[in-house]
Amino acid sequence: MITISKLTYSFGRQLALKDVNFCMKQGEFVFLCGPSGAGKTTFMRILHGALPVQRGKVDVAGYDLNTLPEGRKHLLRRDVSVVFQDFKILTNQTVFANVALPLKVRGIARHIIEKRVRAVLRSLHLDQKALSLCEELSGGEQQRVAVARAVVVKPKLLLADEPTGNLDHELSMRMMDIFQQFHKFGTSIMIATHNREIMERMAGARVVTLHDGTMHEGCVEPGGDL
Amino acid sequence: MITISKLTYSFGRQLALKDVNFCMKQGEFVFLCGPSGAGKTTFMRILHGALPVQRGKVDVAGYDLNTLPEGRKHLLRRDVSVVFQDFKILTNQTVFANVALPLKVRGIARHIIEKRVRAVLRSLHLDQKALSLCEELSGGEQQRVAVARAVVVKPKLLLADEPTGNLDHELSMRMMDIFQQFHKFGTSIMIATHNREIMERMAGARVVTLHDGTMHEGCVEPGGDL
Amino acid sequence: MNVFFQLLGQGIRDLFRAPWSLCMTIAAITLVSFLGGAFLMLVHNLDLQIGARQGNVQFQVFWDAQVKPEEVRDVWAGLSAMEGVVNVRTFTPDQALGVLAESFQKSVDLEWMKGRSPLPPTALVECELPAEDGKKWAAAMVERLQSLPRVEKVTFNPLQVDLLTSWVGLTRMAFWPVTGFLLVVVALVVGNTIKLALLARREELEILRFVGASRAYIQFPLLVGGAFQGILGAGLALGLLKLLHNGIEEMFNVPPLWMNISFIPPMYSLAIVAILAAVGVLSSLVALRN
Amino acid sequence: MNVFFQLLGQGIRDLFRAPWSLCMTIAAITLVSFLGGAFLMLVHNLDLQIGARQGNVQFQVFWDAQVKPEEVRDVWAGLSAMEGVVNVRTFTPDQALGVLAESFQKSVDLEWMKGRSPLPPTALVECELPAEDGKKWAAAMVERLQSLPRVEKVTFNPLQVDLLTSWVGLTRMAFWPVTGFLLVVVALVVGNTIKLALLARREELEILRFVGASRAYIQFPLLVGGAFQGILGAGLALGLLKLLHNGIEEMFNVPPLWMNISFIPPMYSLAIVAILAAVGVLSSLVALRN
Ligand SMILES: Nc1ncnc2c1ncn2[C@@H]1O[C@H](COP(=O)(O)OP(=O)(O)OP(=O)(O)O)[C@@H](O)[C@H]1O
Ligand SMILES: Nc1ncnc2c1ncn2[C@@H]1O[C@H](COP(=O)(O)OP(=O)(O)OP(=O)(O)O)[C@@H](O)[C@H]1O
Ligand SMILES: [Mg+2]
Ligand SMILES: [Mg+2]
Numbered sequence: 001m002i003t004i005s006k007l008t009y010s011f012g013r014q015l016a017l018k019d020v021n022f023c024m025k026q027g028e029f030v031f032l033c034g035p036s037g038a039g040k041t042t043f044m045r046i047l048h049g050a051l052p053v054q055r056g057k058v059d060v061a062g063y064d065l066n067t068l069p070e071g072r073k074h075l076l077r078r079d080v081s082v083v084f085q086d087f088k089i090l091t092n093q094t095v096f097a098n099v100a101l102p103l104k105v106r107g108i109a110r111h112i113i114e115k116r117v118r119a120v121l122r123s124l125h126l127d128q129k130a131l132s133l134c135e136e137l138s139g140g141e142q143q144r145v146a147v148a149r150a151v152v153v154k155p156k157l158l159l160a161d162e163p164t165g166n167l168d169h170e171l172s173m174r175m176m177d178i179f180q181q182f183h184k185f186g187t188s189i190m191i192a193t194h195n196r197e198i199m200e201r202m203a204g205a206r207v208v209t210l211h212d213g214t215m216h217e218g219c220v221e222p223g224g225d226l
Numbered sequence: 001m002i003t004i005s006k007l008t009y010s011f012g013r014q015l016a017l018k019d020v021n022f023c024m025k026q027g028e029f030v031f032l033c034g035p036s037g038a039g040k041t042t043f044m045r046i047l048h049g050a051l052p053v054q055r056g057k058v059d060v061a062g063y064d065l066n067t068l069p070e071g072r073k074h075l076l077r078r079d080v081s082v083v084f085q086d087f088k089i090l091t092n093q094t095v096f097a098n099v100a101l102p103l104k105v106r107g108i109a110r111h112i113i114e115k116r117v118r119a120v121l122r123s124l125h126l127d128q129k130a131l132s133l134c135e136e137l138s139g140g141e142q143q144r145v146a147v148a149r150a151v152v153v154k155p156k157l158l159l160a161d162e163p164t165g166n167l168d169h170e171l172s173m174r175m176m177d178i179f180q181q182f183h184k185f186g187t188s189i190m191i192a193t194h195n196r197e198i199m200e201r202m203a204g205a206r207v208v209t210l211h212d213g214t215m216h217e218g219c220v221e222p223g224g225d226l
Numbered sequence: 001m002n003v004f005f006q007l008l009g010q011g012i013r014d015l016f017r018a019p020w021s022l023c024m025t026i027a028a029i030t031l032v033s034f035l036g037g038a039f040l041m042l043v044h045n046l047d048l049q050i051g052a053r054q055g056n057v058q059f060q061v062f063w064d065a066q067v068k069p070e071e072v073r074d075v076w077a078g079l080s081a082m083e084g085v086v087n088v089r090t091f092t093p094d095q096a097l098g099v100l101a102e103s104f105q106k107s108v109d110l111e112w113m114k115g116r117s118p119l120p121p122t123a124l125v126e127c128e129l130p131a132e133d134g135k136k137w138a139a140a141m142v143e144r145l146q147s148l149p150r151v152e153k154v155t156f157n158p159l160q161v162d163l164l165t166s167w168v169g170l171t172r173m174a175f176w177p178v179t180g181f182l183l184v185v186v187a188l189v190v191g192n193t194i195k196l197a198l199l200a201r202r203e204e205l206e207i208l209r210f211v212g213a214s215r216a217y218i219q220f221p222l223l224v225g226g227a228f229q230g231i232l233g234a235g236l237a238l239g240l241l242k243l244l245h246n247g248i249e250e251m252f253n254v255p256p257l258w259m260n261i262s263f264i265p266p267m268y269s270l271a272i273v274a275i276l277a278a279v280g281v282l283s284s285l286v287a288l289r290n
Numbered sequence: 001m002n003v004f005f006q007l008l009g010q011g012i013r014d015l016f017r018a019p020w021s022l023c024m025t026i027a028a029i030t031l032v033s034f035l036g037g038a039f040l041m042l043v044h045n046l047d048l049q050i051g052a053r054q055g056n057v058q059f060q061v062f063w064d065a066q067v068k069p070e071e072v073r074d075v076w077a078g079l080s081a082m083e084g085v086v087n088v089r090t091f092t093p094d095q096a097l098g099v100l101a102e103s104f105q106k107s108v109d110l111e112w113m114k115g116r117s118p119l120p121p122t123a124l125v126e127c128e129l130p131a132e133d134g135k136k137w138a139a140a141m142v143e144r145l146q147s148l149p150r151v152e153k154v155t156f157n158p159l160q161v162d163l164l165t166s167w168v169g170l171t172r173m174a175f176w177p178v179t180g181f182l183l184v185v186v187a188l189v190v191g192n193t194i195k196l197a198l199l200a201r202r203e204e205l206e207i208l209r210f211v212g213a214s215r216a217y218i219q220f221p222l223l224v225g226g227a228f229q230g231i232l233g234a235g236l237a238l239g240l241l242k243l244l245h246n247g248i249e250e251m252f253n254v255p256p257l258w259m260n261i262s263f264i265p266p267m268y269s270l271a272i273v274a275i276l277a278a279v280g281v282l283s284s285l286v287a288l289r290n
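Residue numbers (the numbering used here), protein chains in the order written: chain A, 1 to 226; chain B, 1 to 226; chain C, 1 to 290; chain D, 1 to 290.
Hints are computed from structural coordinates only; laboratory data are not their basis. Honestly, I wouldn't trust all of these hints.
To be verified - Derived pair list, reagent style DSS-like, types lysine-lysine, alpha-carbon separation capped at 27 Å:
1. B:K73 - D:K68
2. C:K68 - D:K153
3. A:K25 - A:K156
4. B:K104 - D:K195
5. A:K73 - A:K18
6. B:K73 - B:K18
7. C:K68 - C:K136
8. A:K115 - A:K156
9. B:K88 - B:K115
10. C:K153 - D:K68
11. A:K25 - A:K154
12. A:K88 - B:K88
13. A:K57 - A:K115
14. A:K57 - A:K25
15. A:K88 - C:K136
16. B:K154 - B:K115
17. B:K115 - B:K156
18. C:K195 - D:K68
19. A:K6 - A:K18
20. C:K195 - A:K104
21. C:K153 - A:K73
22. A:K156 - A:K6
23. B:K184 - B:K25
24. B:K154 - B:K184
25. B:K156 - B:K104
26. A:K73 - A:K25
27. B:K88 - D:K195
28. B:K25 - B:K156
29. B:K156 - B:K184
30. A:K88 - A:K104
31. A:K104 - A:K184
32. B:K88 - C:K195
33. A:K88 - A:K154
34. D:K153 - A:K88
35. B:K6 - B:K25
36. C:K153 - C:K136
This is chain A alone, in the form it adopts within the complex (with noise of 0.2 Å):
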């Protein structure tokens, strides 16, 4: 699904990414930690087109990144599906219509889409809120409707990027919960998370830390530290 080779990248002089080598495989469910700081959405952002490669070769979802044009980047998105850090959604229209967007956008007949989107806002709880403005949101609420827009696609890749930091416990179990789901039924996640109770739930899942540009590898020890 994901395989990088000697991925570098910097912000001007700010080195952000050193020397990357990743690999994972379709169907993976990988953790990606490391301080504030440490790169982890800058190398999401790279695997989804939203930053160039700099140095280095990266192939996401059968795309060569290295070599794919502006104009069929598209493509690539609608292979991956991507939980923003901050949110990234359309404050001024309604859940639903944020939710339908990325099924809009494939051109995916009306009843359909009325369909998928009711089924996942009902299952992170946002069904009552169907019809509100995203700008009249709690901020929890926003984060699930990122997570809806994500995830309504069924991608085959999904990076979410710090999906539980509005939730409280139980919501981000929930959220998980779902996350499983679609990691049985065959999508490859990388969550990236500071959140320690979600990982303790997913004993022996793979844990891959960013620490100044440089990726460790690493799983989770079950009720332990990692």
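Starting from the known structure of chain A, arrange chains B, C and D with the ligands on it as the hints suggest.
Chains B, C and D with the ligands in isolation, oriented as in the chain A frame:
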């Protein structure tokens, strides 16, 4: 510091706060908990005058919010600092400019601003980023800017809405240290959070829980659940 | 196809999200294309005049100042029947005096001279010059007019045609620079609006890209918006131009011009709309590129 | 005081954050105030003309058509020395013919008549009417002119003054509606820019409020921005108006107008700048209120 009786707030037909009675003495440290959508942010927005008092009586830092006119709200806000859940920083300006802003609007001399901002940024490990634009920061860095801006004015009351959602364990603890320092020097602090780790750290602290708009009292039990 | 119309509607709806900005733009485009259209109308009418007068020549016939009105009247009636004559205008002594008085703009009162005007009766005879042997024919015509009763003098003046032609040439020369300038202004204005709209929606467009929208899906509504502004502005400008035309249609239909102002032909109108739509689309494209 | 200048600078710097929008606005304000200024200049010049001609009257003197040029020339030289005479304009027969030819716009060639023009020599004598007994004085003046050698006829025409006066009255009547309309347009345009700027900075202003900025601290820069736009637009408009004035200053200094166009007085210029600044501030205030 805060005296609230029978506060009720609704967005249209959506009831967000129901008959809330709450009292907070000067120098108290309070955690505000509750599931997503419980009304925590709404409660805090009323406390610094961003939302009007619809029903009930609210008195904050000596200002009667039922009668405080729009033209004098800035006086209230000079005593009450807020860390917003969505940061509300000026993304197109530097970290320094953002943190200096509340001092600048108070007409404080440039050299004093310089000194105080530098000190706060250092304590939050942001000194390297002082001259970066905020839109170039990672999620956790932005959150720390929001906190720095709130504490730099040494407020009488600090309202922090989910101030550690994007921070790793170490930084969260660091931030609690800072809050505790301010607390020692007399600042009253209210933190809305889902993060159990930071609550567990403050064993014995007062905890109020919002649930469906109603408020319940409690306190942090050492090492256990709420 | 469904998506096509959906995006079409989207492009227009998006414009109305900033109605103020839209109004200002439409107003600017309308003003500019109105100016352009008025200029085009001028050129068109000069062309028509040229076309009507091309190859024509005017003979001026002066009668003896002492001739009786009755005597010339019969001759005048016969003038237009002469071979090759296209148009005849005549001035009695009093009419000539009237033109004189008008030229003084009423600051000189010539009323008292009425009935004893010192000016001679005059006629302007416009003839179509035959394609060959024009000069010879004109000389013969002068002779024929000279031989009319009590005519004192005949002159003819092919110069007028040359003057008009050279003026039209000048206008033609100015045409492309002026049109180009106006189009650049329209492009700037439309581009500016689209750019502002893009700025306001930068985040929205980024989100669209991130959820997998193709480039066409994102850009098409913006191009539609540009075209719409161009077309609306051009339409309004044509409406205003028609109003102007109604106002001035008969204005120059007086001595010594006898010009009936024509509206620009439908093809030109269509061209204006098409060009402005194209400029709208192009400037949207440029705004998108940056 | 320090904060004052800081906020002043802020208000202007903020405008330049959206330079496109600013340019468009300034252009619009300039255009509108230019129109207003041109109108004011018209009114001002009519006023001047009225002032100069108020109570004046024109006598038209026609000599015998057969008189020799030498004979009238001496008389003409003496005309301006007569009591009460302000201005004298004279026409030899050939000059009168020239005006006639001009009125035919060259479609009638009158060159051949040169030297044997059938028109009489003419003079326009402008006199200041004494405040009292104007009619009697005028009658005496007619008599005096009539008694000049070989004068055939003298007429006088106080009507012209009335006409001019009534036209000025009309312009005056139009003045306030037109000015009001222009000011409303300026207010709309400035208000629109400020509103757009506010929209773009809504979040920023919200943040300013939340960190304890007083209302004055937030609003003052915006008002400064409004005033700045008004002043800049007015300044540019005055510059353009001066250019226009240079171009047309001498244009009407020809028969039969002999008008020297004056520029609007400094006080008016100042008033234009002040009014536009005020409108800018006011429309910013209104934009802030909503
Ligand atoms: N556009 C940018 N320009 C310059 N520097 C940037 C930019 N974006 C990110 N950075 C810097 O790159 C580093 C890595 O940022 P990144 O957002 O990837 O961190 P992160 O691991 O996601 O942190 P967090 O957990 O706080 O979200 C940070 O130091 C950040 O300041
Ligand atoms: N402007 C608004 N208009 C309508 N409803 C609103 C508005 N703001 C908030 N709400 C609703 O009020 C309820 C309380 O919102 P609030 O933001 O206070 O929750 P919260 O406790 O902060 O939740 P979270 O932990 O997710 O941030 C939510 O159901 C939310 O949808
Ligand atoms: Mg991040
Ligand atoms: Mg909240």
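Now for the hints, and whether the structure bears them out:
1. B:K73 - D:K68: 94 Å, violated
2. C:K68 - D:K153: Answer holds: K68 (chain C) to K153 (chain D) is near 26 Å, not above 27 Å.
3. A:K25 - A:K156: Holds, because 11 Å separates the two Cα atoms, which is no more than 27 Å.
4. B:K104 - D:K195: 25 Å, holds
5. A:K73 - A:K18: Within the cut-off at roughly 24 Å; holds.
6. B:K73 - B:K18: 24 Å, holds
7. C:K68 - C:K136: Violated, at roughly 32 Å.
8. A:K115 - A:K156: 20 Å, holds
9. B:K88 - B:K115: 23 Å, holds
10. C:K153 - D:K68: The given pair, whose Cα atoms are some 26 Å apart, holds under the 27 Å limit.
11. A:K25 - A:K154: Distance of about 17 Å is within 27 Å: holds.
12. A:K88 - B:K88: This hinted pair holds, its Cα atoms lying about 15 Å apart.
13. A:K57 - A:K115: The hint is violated at about 39 Å.
14. A:K57 - A:K25: Judged against 27 Å, a Cα distance of about 16 Å means the pair holds.
15. A:K88 - C:K136: 86 Å, violated
16. B:K154 - B:K115: 14 Å, holds
17. B:K115 - B:K156: 20 Å, holds
18. C:K195 - D:K68: 76 Å, violated
19. A:K6 - A:K18: At roughly 8 Å apart (the allowed maximum being 27 Å), K18 (chain A) and K6 (chain A) satisfy the hint.
20. C:K195 - A:K104: With Cα atoms ~25 Å apart, K195 (chain C) and K104 (chain A) stay inside 27 Å; holds.
21. C:K153 - A:K73: Not satisfied, since the Cα-Cα distance of roughly 86 Å exceeds 27 Å.
22. A:K156 - A:K6: Since the Cα atoms of K156 (chain A) and K6 (chain A) sit roughly 24 Å apart, the hinted pair holds (cutoff 27 Å).
23. B:K184 - B:K25: With a Cα-Cα distance of about 14 Å, the restraint between K184 (chain B) and K25 (chain B) holds, given a limit of 27 Å.
24. B:K154 - B:K184: 12 Å, holds
25. B:K156 - B:K104: 18 Å, holds
26. A:K73 - A:K25: It holds: about 21 Å lies between the C-alpha atoms, which stays within 27 Å.
27. B:K88 - D:K195: 21 Å, holds
28. B:K25 - B:K156: Status holds; Cα separation ~11 Å.
29. B:K156 - B:K184: 12 Å, holds
30. A:K88 - A:K104: Holds. K88 (chain A) to K104 (chain A) sits at ~17 Å (cutoff 27 Å).
31. A:K104 - A:K184: 26 Å, holds
32. B:K88 - C:K195: 26 Å, holds
33. A:K88 - A:K154: 19 Å, holds
34. D:K153 - A:K88: 92 Å, violated
35. B:K6 - B:K25: 18 Å, holds
36. C:K153 - C:K136: 19 Å, holds
Checked against the numbered hints given earlier, the structure breaks hints 1, 7, 13, 15, 18, 21 and 34 and satisfies all the rest.
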